[in-house]
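Colleague: Next come the chains, spelled out residue by residue.
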Amino acid sequence: MPYLSEIQNRRVIEPNGNVVGRLTDVAVVPQGQFPAAQWAILATPGGEKVVRWADLAQEIGHLRLRSRLEATPPAQLPPDALRLARDLLDKQIVDTHGAKVVRVNDLQLSEVDGQLRLVGADVGLRGLLRRVGAEGVAERIAGVAGRRLPRGIIPWHLVEPLQAKEPEAPKTAAVRLTIPHQKLALLHPADIADVVEEMTADERVAVFQQLDLETAADALQEVEPEMQAAIVSDLPEERAADILEEMDPDEAADLLQDLPEDRREELVDLMEKEEASDVEELLTYPEDSAGGIMTTDFVALPGEQTAAQSIDQLREKKPDPELTYYLYVVDAQGKLEGVLSLRDLVVAPPETKVTAIMDPRVLKIPAETPKEEVASLIAKYDLLALPVIDARGRLLGTVTVDDVVELILPRGWKKRSLRSIAR
Amino acid sequence: MGPGIITGFAGNDAGGVTTYTAVGAHYGFALLWLLLLSTAGLLVIQEMCARMGAVTGKGLSDLIRERFGVRWTIVAMIALLIANGSNVAAEFAGVAASLELLGVERIVSVPAAALVIWALIVFFSYRVVERALFVLVLAFVAYPISAVIVHPDWDSVMRGLAIPTLSTQQAALIAALALVGTTITPYMQFYIQASIVDKGIDREQYRFARVDVYLGAILTGLNGFFIIVAAGAVLFPAHVIVGSASDAAQALGPLAGEQAKLLFGVGLLGASLLAALVMPLSTSYAICEAFGWESGISRNFREAPVFMGLFTFLIAIGALVVLSPNVPLIPLILVSQNVNGLLLPIVLIFILLLAGDRTVMGDQANGRVSQVVGIGTALMASALSIGLVAVTVFGL
Chain G
1 MPYLSEIQNR RVIEPNGNVV GRLTDVAVVP QGQFPAAQWA ILATPGGEKV
51 VRWADLAQEI GHLRLRSRLE ATPPAQLPPD ALRLARDLLD KQIVDTHGAK
101 VVRVNDLQLS EVDGQLRLVG ADVGLRGLLR RVGAEGVAER IAGVAGRRLP
151 RGIIPWHLVE PLQAKEPEAP KTAAVRLTIP HQKLALLHPA DIADVVEEMT
201 ADERVAVFQQ LDLETAADAL QEVEPEMQAA IVSDLPEERA ADILEEMDPD
251 EAADLLQDLP EDRREELVDL MEKEEASDVE ELLTYPEDSA GGIMTTDFVA
301 LPGEQTAAQS IDQLREKKPD PELTYYLYVV DAQGKLEGVL SLRDLVVAPP
351 ETKVTAIMDP RVLKIPAETP KEEVASLIAK YDLLALPVID ARGRLLGTVT
401 VDDVVELILP RGWKKRSLRS IAR
Chain F
1 MGPGIITGFA GNDAGGVTTY TAVGAHYGFA LLWLLLLSTA GLLVIQEMCA
51 RMGAVTGKGL SDLIRERFGV RWTIVAMIAL LIANGSNVAA EFAGVAASLE
101 LLGVERIVSV PAAALVIWAL IVFFSYRVVE RALFVLVLAF VAYPISAVIV
151 HPDWDSVMRG LAIPTLSTQQ AALIAALALV GTTITPYMQF YIQASIVDKG
201 IDREQYRFAR VDVYLGAILT GLNGFFIIVA AGAVLFPAHV IVGSASDAAQ
251 ALGPLAGEQA KLLFGVGLLG ASLLAALVMP LSTSYAICEA FGWESGISRN
301 FREAPVFMGL FTFLIAIGAL VVLSPNVPLI PLILVSQNVN GLLLPIVLIF
351 ILLLAGDRTV MGDQANGRVS QVVGIGTALM ASALSIGLVA VTVFGL
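Which chain is which? The protein sequence lines are G and F, in order. Just so it is clear: in the first sequence, position 107 is 107 by the working numbering, and no numbers are missing. Just so it is clear: in the second sequence, position 174 is 174 by the working numbering, and no numbers are missing.
So that you can see chain F by itself, here it is in the shape it has in the complex (with noise of 0.2 Å):
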């Protein structure tokens, strides 16, 4: 599997199958449309990041330290930082409302999960684990399945794809840009970049790399529009709002029946436990090269105090958001995935300042269809969290 690949699986966490299930089964097929944007929107975004990192062979904060100096590096820096932070809180609320589905009780499975994850990092590798955890998320195959075997009335899905329709009202809206934020996340943008410098690959390599790229962006689309589509064709009509767990599996129950909460819990599991292994980390690589600090996972706190610190500090911050008292988890990964959609447009007007940009890219900066589209998602989230917050603070 290639980077982009990867990147695309790495989508697929708790943030987006809780999102994609609220959407399909609040809105039914009505939000189709935005989805296909942000779809392509993440085509031509990713595909930028990856050439940046192939033509550059530096990350995406290098280059936005490298660009915009000091002061601009630190607001990319805390954007990413709240936005991340806040995945990895719904990772570990995912991993709280899967385990309680199995019977857990959220008290002992977050902190349980949080240490075994911090010291996965700190003392083993987690690349085996990380292998063990894309096979649960394999559980997921469950979707496009039921999707098809439930009849869905494809002549409306047609009509969500092509006919966009959007309610101003509040909740709405936070349907919305949690489905472009979860899409879109500003993660997935630092995280394929690095993955290409990391494999190494140059300009000559790329050319096969981008096919990668794409599929792994159709591969995330492809995934929300069957999860959508299976609850909108099970929950939509039943008028279940989704408020836990429990009710997100029903959307599996055509195919699994009894069997739908296990299938659930275990995708479910298997998605947020990856994703907080590798979100933490990743996000403390991009700052500390940003930054110049040291880095890397087999250094001591002595060695690389911020590197493990933040790490840890994103962790913590995660499972104790999950561990206060009377948080109900789905209502919570939902605004997490709005926090995401929020920040995006600040972490979109750096990548495309930077890869249009010829003295950072030369011959390979970004075309002007890449530059249109760009443009385009950056100011479909802003009107997006513009809305949201005209909303939710004058009323409208």
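Only chain G is shown next, with the shape it has when bound in the complex (with noise of 0.2 Å):
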């Protein structure tokens, strides 16, 4: 996937090999989710030539022109065409209030349907270190530091560029981009976290306000922790409280544990009753134990039911699909007595005990089980989840797949994810 400034200043070839000029800018219309690349601009000794990018082919190390540059019919920019170097590179990206927010330093481009598109703009640290050609070097000296350099790309359709408001306004002032929010909402979650990131605190706090409920707490969930609670320091208290109901406890937990006490104190208290029990009682545990990342939600059978009353059980209560890959069977007191699956209660006549078809060999760790054990349990023995328990061996939550993979896969890998939706 290459980016503008990689094939900017390109050598051009004629088919004999004969060096005519540079590629010193490519111009699209931006019309659609991601503008194809429709022109070249080429530096001859000539002067300035554009040709259509169809007149191209991308090899190795230059461009090759598919007719000598005499023969190749000049083209015309159109009055809307934007050319990406001049009109668009190293330009603010503005938020819809007209603040500043980030500056393009680098586009991505990246093939589609055998066509070059406008995919993305590179905001970030690796884009400006690109540009000066030390993204390699920066990139080995993180390396060594044990740590990624951040990727910031906003994806294109993400971003507007904005006509000029005054035509007389010379063409460099022209161009002004946008992220408007509603296009937002329509991204996964994963990706609005993603691009949130990469917004001012101001323009952040406007989007969690505007989002519905449910997206935001989902969004949320996926913004750095660090910067989660920057954003819930910064909301409005209501609304920062009605967003940490619909998170996840053990993930509302967290965030509230990097808060301030004081405020932590009044953001729990403006919470629902049911919803506020649960977060606090996370709270009580260290943040990197068992008992600080998991959730208290979980399936629990009591042990004397029936296959039949738990299956209608099931029914009732409709948990989350993550909570039903294994359910818990408990006893009166509730001590954690055994596990089966969703397979064995369907299969089992309908008026076994679930004593009776359950597993008794439970692996089942203590609350103050550090987290990195938790996570090669898990690894170790392909578990989906894993039961934690108190002293006396009462079932407390559940440690699921999804709050230790960043433990068990390599560094960085979750930021990849932004590459793939901007593809």
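These are calculated hints, taken from the structure and not from any lab test.
Ranges between beta-carbon positions, derived for each pair:
| no. | chain 1 | residue 1 | chain 2 | residue 2 | range |
| --- | --- | --- | --- | --- | --- |
| 1 | G | Asp234 | F | Arg358 | 39 to 49 Å |
| 2 | G | Asp258 | F | Ile375 | 49 to 59 Å |
| 3 | G | Glu70 | F | Arg358 | 28 to 38 Å |
| 4 | G | Glu70 | F | Gly367 | 34 to 44 Å |
| 5 | G | Leu213 | F | Leu215 | 53 to 63 Å |
| 6 | F | His239 | G | Ile141 | 50 to 60 Å |
We treat Cβ as the ideally placed atom computed from N, Cα and C, and that holds for glycine.
Join these two chains into a complex; the hints should help.
Modeller: See the structure below:
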């Protein structure tokens, strides 16, 4: 996937290998989601030449004209065409209120259906480093320090080039880019999170004010932990509490853990009783222990219940799909006795007691277990979730694989999602 | 007060007062012609930057980035960072020198000033303090009065203004370059353009703003003129070598007598604190603007790490330079203004290329007169810089 800075200034050669000039710019008409490269602007000894992009073939290290320069028909740029380097590169992307947000450090291009298209604006440090030819070096230095350079690409279909209000204004001032919030809401929450991380604090708060509660909660869960706390601190308290209620209790507790104590208490007070008590319980465990990362949502079946009763219980409660991989059997005191799967339950004769079909050898961990240990157990036994118990063996919650996935996967892996949506 | 006059005031900082005093004390009226040329250059260049702000609605670093790309922006921003870093050091030297006059050791005054300035920016609004400091700077009204009541030989003042003379000794070149560097600082060009943009002055209103810009530049020149005349009339005949703030304060002796030190100290303190407050901030704004990093004093370190880090760094490094053992304050200030003079041509070239570019400025691009005066100013600063470097390196 090339960037504009990587193809700009490439040599342009004729079919016979004769160098005729350099590529200085690429022009598109800003229509559709990802506009296609339609024209190439070449610097030749005879001055600037515009040719159709289709008349060029990309080869390694250079671009080759399909026929000799004199035989290539000169093209004319329509008035609404945008020249990527001149009109977009280095410009600011402003938010919907006109406040400045970030700068276009580079433009990401990609081959889609055999056409080179503009797919994203690189607003991150990488783009800046790439422009000065230092991306590779910086990446190695960051690698030595055990870190990865952050990628900051805003997918192009979220960006709207605005035409200038005054028609007589010089062309360089003509393009303003904005990210309309309505477009943002259409994205997957994880992608919203990636875009939001590139915004200014004010803009972030505006986005979280406008999204519907469920999307806001899902997106907030995907935002980097340090930024989560900043966003929640900046939101009006009522709104913050509403979003926290919608979040998974374990995620909400993690977030609250990062806030100052008085702010934390205020927010918990504003939350609905039920959600608040779940969260408060989770807050009593250290952040990096099984108790700190577990969720208090799980399916517990009383031991004396039959299979048919249990299926009725599930039908009535309608638990989230990720809670139905393992069904836990508990006694009257809430002590964990065993585990069974949904399949075990469905294929068992209806009147069988769940204690008869459960597997009593259930792997369980105390709430104080460090989260790294939890992660390695989950990885080792290929589990989807692990039950967490207190000192008396009572079931407190479960740690699911998505709570520890960051500890199992190599660093920085989560960030790759941005590239896939830009495709 | 408009942005032009405020910028003129801001140029009247520790670097300015010290440089003009030293120039007057060591060379009498002989370098007044250079001040006249610098003021003319300043007038034209300030007008260019203000016009760019009004026409494009963008700051200078903004335009540099959009027109010249990342690499040249890095060059310009490094130049600005070094020039302003040395200015901040000069301001802290001014704080130290003024408070030493009033009996406070620099080991106390400098860290205290740095902490107070940092805290003001981070936790409070510095706007209120800014006004209070303006009042202190008014102490320098004493210079025109002093310059008149000492009855200088106005004939030789006129000769100094009209006849260019310059010795090629290193010390003379240092003084000359400091004089140019302190009159036309790179900093002022970024500052005036940002002020025009902040005030939302557009093409229509700019016709009126232009008058204010001219007045500001003339104010800077007049201020330098009266300090040089006062110092040239009082200190030069007495062969005073300005090595400390109390030497410099003597220039106000004819007016204030025993109270000269107090008057000079108060003015210098106000001017130094004011500039030490504004300069790190505006540097951070300019650099973050160029690279698209979040900025604003209402942000915290997590939201705007580069912005907060930069001005903290500038304040810290400025204070540390002054606190390093046995640093002579007055020479430190003069050297800092030389750094400004050395880097000035780089910034001027960017300004001239932008203000003369019709794709940026449309029909408001520089006319021939502006372009010629601008190029002349850049050449003058370059020639002095090259001369000084040549004399220093080769010992000519």
